[in-house]
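S.K.: Go by the hints and put chain B onto chain A.
There are 2 protein chains.
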Amino acid sequence: MAQDAVAAITVTVLLVPQSLAYALLAGLPAEMGLYASIGPLLLYAAFGSSKTLSVGPVAVASLMTASAIGAVTEAGIADPISAATMLALLGGLMMMALGLMKMGFVANFLSHSVVSGFITASGILIALSQLKHLLGIKLHGDSLPELLAGFASQWGSIHLPSLMLGMGVLGFLLFCRSALCSALLRLGCPTSIATTMTKTAPMLAVIATIIFSQQLDLPAKGVSVVGDIPSGLPALSLPTLSVELMNALLVPAFIIALVGFVESVSVGRTLGAKRRERISEDRELLGLGASNVASAISGGFPVTGGFSRSVVNFDAGAQTQMASVFTAFGIALVAVYLTPALYHLPHATLAATIIVAVTGLINFKDISAARALSRADFLTISLTILATLILGVEAGVAGGIACSIGLHLYKTSVPHVAEVGLVKGTEHYRNVNRHRVITHPGVLSLRVDESLYFANAGFLETYVERKIECTDDLTDVILMCSAVNEIDVTALHALENINLALQSRGARLHLSEVKGPVMDKLAATEFISSLTGDVFLTHHKAVSEVLA
Amino acid sequence: MAQDAVAAITVTVLLVPQSLAYALLAGLPAEMGLYASIGPLLLYAAFGSSKTLSVGPVAVASLMTASAIGAVTEAGIADPISAATMLALLGGLMMMALGLMKMGFVANFLSHSVVSGFITASGILIALSQLKHLLGIKLHGDSLPELLAGFASQWGSIHLPSLMLGMGVLGFLLFCRSALCSALLRLGCPTSIATTMTKTAPMLAVIATIIFSQQLDLPAKGVSVVGDIPSGLPALSLPTLSVELMNALLVPAFIIALVGFVESVSVGRTLGAKRRERISEDRELLGLGASNVASAISGGFPVTGGFSRSVVNFDAGAQTQMASVFTAFGIALVAVYLTPALYHLPHATLAATIIVAVTGLINFKDISAARALSRADFLTISLTILATLILGVEAGVAGGIACSIGLHLYKTSVPHVAEVGLVKGTEHYRNVNRHRVITHPGVLSLRVDESLYFANAGFLETYVERKIECTDDLTDVILMCSAVNEIDVTALHALENINLALQSRGARLHLSEVKGPVMDKLAATEFISSLTGDVFLTHHKAVSEVLA
Chain A
74 MAQDAVAAIT VTVLLVPQSL AYALLAGLPA EMGLYASIGP LLLYAAFGSS
124 KTLSVGPVAV ASLMTASAIG AVTEAGIADP ISAATMLALL GGLMMMALGL
174 MKMGFVANFL SHSVVSGFIT ASGILIALSQ LKHLLGIKLH GDSLPELLAG
224 FASQWGSIHL PSLMLGMGVL GFLLFCRSAL CSALLRLGCP TSIATTMTKT
274 APMLAVIATI IFSQQLDLPA KGVSVVGDIP SGLPALSLPT LSVELMNALL
324 VPAFIIALVG FVESVSVGRT LGAKRRERIS EDRELLGLGA SNVASAISGG
374 FPVTGGFSRS VVNFDAGAQT QMASVFTAFG IALVAVYLTP ALYHLPHATL
424 AATIIVAVTG LINFKDISAA RALSRADFLT ISLTILATLI LGVEAGVAGG
474 IACSIGLHLY KTSVPHVAEV GLVKGTEHYR NVNRHRVITH PGVLSLRVDE
524 SLYFANAGFL ETYVERKIEC TDDLTDVILM CSAVNEIDVT ALHALENINL
574 ALQSRGARLH LSEVKGPVMD KLAATEFISS LTGDVFLTHH KAVSEVLA
Chain B
74 MAQDAVAAIT VTVLLVPQSL AYALLAGLPA EMGLYASIGP LLLYAAFGSS
124 KTLSVGPVAV ASLMTASAIG AVTEAGIADP ISAATMLALL GGLMMMALGL
174 MKMGFVANFL SHSVVSGFIT ASGILIALSQ LKHLLGIKLH GDSLPELLAG
224 FASQWGSIHL PSLMLGMGVL GFLLFCRSAL CSALLRLGCP TSIATTMTKT
274 APMLAVIATI IFSQQLDLPA KGVSVVGDIP SGLPALSLPT LSVELMNALL
324 VPAFIIALVG FVESVSVGRT LGAKRRERIS EDRELLGLGA SNVASAISGG
374 FPVTGGFSRS VVNFDAGAQT QMASVFTAFG IALVAVYLTP ALYHLPHATL
424 AATIIVAVTG LINFKDISAA RALSRADFLT ISLTILATLI LGVEAGVAGG
474 IACSIGLHLY KTSVPHVAEV GLVKGTEHYR NVNRHRVITH PGVLSLRVDE
524 SLYFANAGFL ETYVERKIEC TDDLTDVILM CSAVNEIDVT ALHALENINL
574 ALQSRGARLH LSEVKGPVMD KLAATEFISS LTGDVFLTHH KAVSEVLA
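Heads up: the sequence lines are chains A and B, in that order. Each number in our numbering comes from the position in the first sequence (counting from 1) with 73 added on. Each number in our numbering comes from the position in the second sequence (counting from 1) with 73 added on.
Okay, chain A solo, but in the shape it has when bound (with noise of 0.2 Å):
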């Protein structure tokens, strides 16, 4: 309990300025920020199924928050705030739902190169836009092109003071971040202790900015500051309940809600690991929905579980979700007594953070990663971060998944199909382009590497009829189904004709190593009964059998 408080006092600090910034980047007020940080907390605190996970606004959620309300204000469905809540309250009861059916699988069609190429290339967006507050101009949209574009337009209009207090915070968390924690370390700190002074550095950068704004009276000089907060805490009550909009946020409060759980459950599980602690993947969803269902309802915007928040928390020595309960109180405290300090908070400030805060984002190492391993994953990352550049949020993601199914779909149609023979002393029998094996002339050992199913039947069909028509005096056909997991029907065709095929020579089919859950179905048809040859339990014994 005890050391669930100071972890607690800890993640406050972080924690406003972080809510505040985000609240920005998605285009809202930034009392939301705050509103986005009690209830929540507590709520996750109530469902949630990790206990170091900490849960509010988080920059790649509030970037597609801003895509999201963007197009509902441009179309003149909604005001900001009223679509802000709306998603929340949309992306909550989607995740409740689909935690209650059970139904948390659907979030591994999100592969890891998706979500880590969608990250990389939000956090560019991010910090391109954010770039906006550090120059001093007006940008609109929220992908690559419409922001150069917006660049170009505004070159002449950057306004110096913001420009030189923005590279100033950035330069200071920059310095906090590199050299100040690793010069703590050399000063006998403790690395916790080093890490978590260092994670201070943006809460004193608000406070000296606010104070030095205040003495240079800067809004005066046209530098941007947040203004007017109101004080205290929302009052609660449910986001308008117009069918139109509901309408018009379905699809983004779902990509938005998907992202953010594949996010959750991976910080939760990195967290997890450490302390043998398990995430169940539903209740993550049960925790989660609650939380946005509370944002919603008091005032605040999608949120979810975040990495740098949640990494604080975990180091600071939270034990329990008590210390999520005491920052929700924490952050309470500020809403009710302190926003009139945050009046002359530049933008500039909160600007710097954000991007000193993504930057930890962008990672392009998981490209050539997946280059060395996977042309799918390679194809799927970069898809996904052009995607995202380039045509916005909501694109990226739906691209990169319908990229990396479509991908998975194609190989396992055109299948991995090697002629096998036996690794001389053992039983084993390997790819003959592979291993020095034994053959015998007549005979046919294929190895298909997939389950037969519609999308590769005909393919099989045809590699075996070609394979077939190149042999000479051929008397025998086994196909070793060591790797197929599965016969649909239309592979059961495909088997049909190939059999059919080699009859119409004098030749046989055999199978061998069919497993068993395959077996129980094949049994029943007429296609076993038909069969010009038998089916081995080993590939071994059918090839003996045969030769005999």
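Any given hint could be a false lead.
Note that identical chains are pooled: a pair holds if it fits in a single copy or bridges any two copies.
Computed cross-link-like contacts, BS3-like style, restricted to lysine-lysine with a CA-CA straight-line distance of at most 30 Å [as the list claims (entries may be wrong)]:
| # | residue 1 | residue 2 |
| --- | --- | --- |
| 1 | K438 | K594 |
| 2 | K614 | K540 |
| 3 | K497 | K614 |
| 4 | K347 | K540 |
Bear in mind the hints are in silico, worked out from the structure with no lab data behind them.
M.R.: Relative to the frame of chain A, chain B by itself:
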């Protein structure tokens, strides 16, 4: 050549009533059926790969054409004739493009169950929609609810003369198909001649009812007839190129092309197998594409390779595509000289011809076969039938494809994982729950029956970690990868996490029977160097060395 000419006469006799009937089914003037049976045959003869496939209007494509045309005419975008020719043009160009890009594989994603369910449902819809001509009533719509509502409201206005005529023709055609054929066979008539003769029944019905209708002046009694048909051949011309029309027809054109292609290849393969003739998918796309373009510029509508017409062509002794060239000539003669004679042809006759033809499409056996073999196929075929009947043809095909792919992805996301042990007296490892096998305490042998990719990486991680938790004194886990055809980035992360989880318990992770292509990729990763255990060629070797 002589054989081809004889076959052509038989096919022409079959095709004239069929072509007129399918134009009617598509909601088009009867002569368009004739036009669609001239140019397409010539172009397929030049470009297609099958020697006996007969191309022209077919039942299912005509129903889909009716649906697509209905949508654009209701929206006021175009008249039926422009819409039909544009549909053929777009579909033809798409097929040619796919063929040139060697992308015939896209058809593999239309599973047997989707095609079978779609054709069965189409047969039902076609038969129901044609009942209106037999009953002499007006019906609109092309889905079951619309058709049934139409029947209910029009029940009172059944036209008795039309009904009697239609039932007479229906009875005659059904008699010819069943009783006549077996009677001829009993009289010693060769099978091919008997079946060919029964196929001329529709033509006999056409001639008889024309005479009947003329003598009794049935049009004056309210029996709907074909009426004036322009004599001569259509002038070649491009469809009106309206962008709005093209946009509206893109999706239907693609679906018609896809289904037509799959059907056509399936007919071509069935006939080709009897003569050891190979069908090239990409050349088929070119041939069918060119046929449709020809249909479009000569006043026709979407065409494809038909089963019944091709079988008649084959049975009548066609040896080459010259038979189709002669057939095109025969139909052209009809279009030039015989259209005045068709004036008195009752619609009820054509409707009866269609109804008899489509009863052969309705096939419920595939549903029970799917049920026995694969739950996914059963769900897919059921959903396809229901969606087609209730929501219409496009939704039926699209829903069926989405269902089959979704179920496949779901299945691969929760793969079968088996704990395996040694089958006594062999080097073969099988499921401990299905075979009497030898296992060793502390050593866990797991076989994953699926490629490891993003959709099942999380499942595997959770599965193995649970298994680890409930196994006492675990020293080694050996993952048997004989069914793993691929490992992607997401799966690699899961394996790294499993490796770490074992390491933290002082246990090791080994891999066995990793396929060549997979090992090539893994060898380059950090995972292999950080692996706590080893990689073995065979599972038997792995177990022996781990125990040693």
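S.K.: Now, for every hint given, state plainly whether the structure supports it.
M.R.: Here is how each hint holds up against the structure:
In the homo-oligomer, the alpha carbons of K438 and K594 lie at most 30 Å apart only across protomers (17 Å), although the nearest pairing inside one protomer, at 45 Å, exceeds that limit. Taking the closest pair of Cα atoms, K614 and K540 come within 30 Å of each other only inside a single copy of the chain (23 Å); across copies the shortest separation is 32 Å, beyond that limit. Both within a single protomer and between protomers do K497 and K614 lie at most 30 Å apart by alpha-carbon distance, with minima of 15 Å and 14 Å respectively. When the C-alpha separation of K347 and K540 is checked against a cutoff of 30 Å, the pair qualifies only between copies, where the shortest distance is 19 Å, while the shortest distance within a copy is 53 Å.
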